[in-house]
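Start from the sequences, fold in the hints, and give me the full structure.
All you need for the working numbering is the position in the sequence shown, starting with 1, plus 64.
Note that these hints are calculated values from the structure, not bench results. Check the hints yourself; a few may be wrong.
[To be verified] Simulated restraints on C-beta separations:
id, residue 1, residue 2, range
1, K129, P86, 16 to 26 Å
2, P145, A224, 16 to 26 Å
3, P117, E139, 34 to 44 Å
4, P214, E133, 13 to 23 Å
5, F89, S218, 27 to 37 Å
6, E184, F136, 15 to 25 Å
7, R216, D95, 17 to 27 Å
8, D191, G250, 24 to 34 Å
9, E192, E217, 23 to 33 Å
10, S137, P117, 11 to 21 Å
These numbers come from a predicted model, not from an experiment. All residues carry an ideal CB built from backbone N, CA and C; glycine is no exception.
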Amino acid sequence: MRRAALFTTTALLLAGCGSSPPSHFYVLTADQTPPRSGISAANTIALGRVSLPGALDRPAIARRKGGNEIVFSDEERWAGPLDDMVRRVLADDIAAHLPAGVALVDSAARPPPGVTIAVEVSRFDADETGAVTLAARWETLGPTGRPLAPPRESTIVEPAAGKDAGAVANTMSRAVSDLAARIAAGLR
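Written as structure tokens, this is what we have:
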């Protein structure tokens, strides 16, 4: 009897060691819903490439610990590729800031747009408090791909909405919205 109880207890303990906490999935969200209307191709702006650092090309949410360490959690994950979410949210938020009569289209649009925006993100993570830093460089390119103006850069620090991953995703969404407003202001 004693042996059976010991065996059962050991089996239960080992079974508990084999299970991992459930993963939670998060998305970035646009700040505003962009206006939709019929607009001529002459008044179009395209969002071209939006690149992120290779270290962020993974499903786990990045959190900076100290100056040089980034920690990824298997339980806090993006619901899709982060670069795709950043591009979609950035497009929606830029479109919401454009004046009436101007549309943001895909960079593969035909006829090609007059202006294309290219964005390179060099940092996009949360610190231990949940505050988010988004550092990005963008430029506007003409139909031939040549720059229309010098590149611009911004480093956006959004205060923490909380430490949990849901609050971090919300804070990251606000940082992308802030970047969109700065890009749209440069297009006016």
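Each hint, compared with the structure:
no. : hint                    : verdict
1   : K129 / P86: 16 to 26 Å  : 23 Å, holds
2   : P145 / A224: 16 to 26 Å : 25 Å, holds
3   : P117 / E139: 34 to 44 Å : 22 Å, violated
4   : P214 / E133: 13 to 23 Å : 34 Å, violated
5   : F89 / S218: 27 to 37 Å  : 28 Å, holds
6   : E184 / F136: 15 to 25 Å : 22 Å, holds
7   : R216 / D95: 17 to 27 Å  : 20 Å, holds
8   : D191 / G250: 24 to 34 Å : 28 Å, holds
9   : E192 / E217: 23 to 33 Å : 25 Å, holds
10  : S137 / P117: 11 to 21 Å : 18 Å, holds
Of the numbered hints stated above, those contradicted by the structure are hints 3, 4, listed in ascending order.
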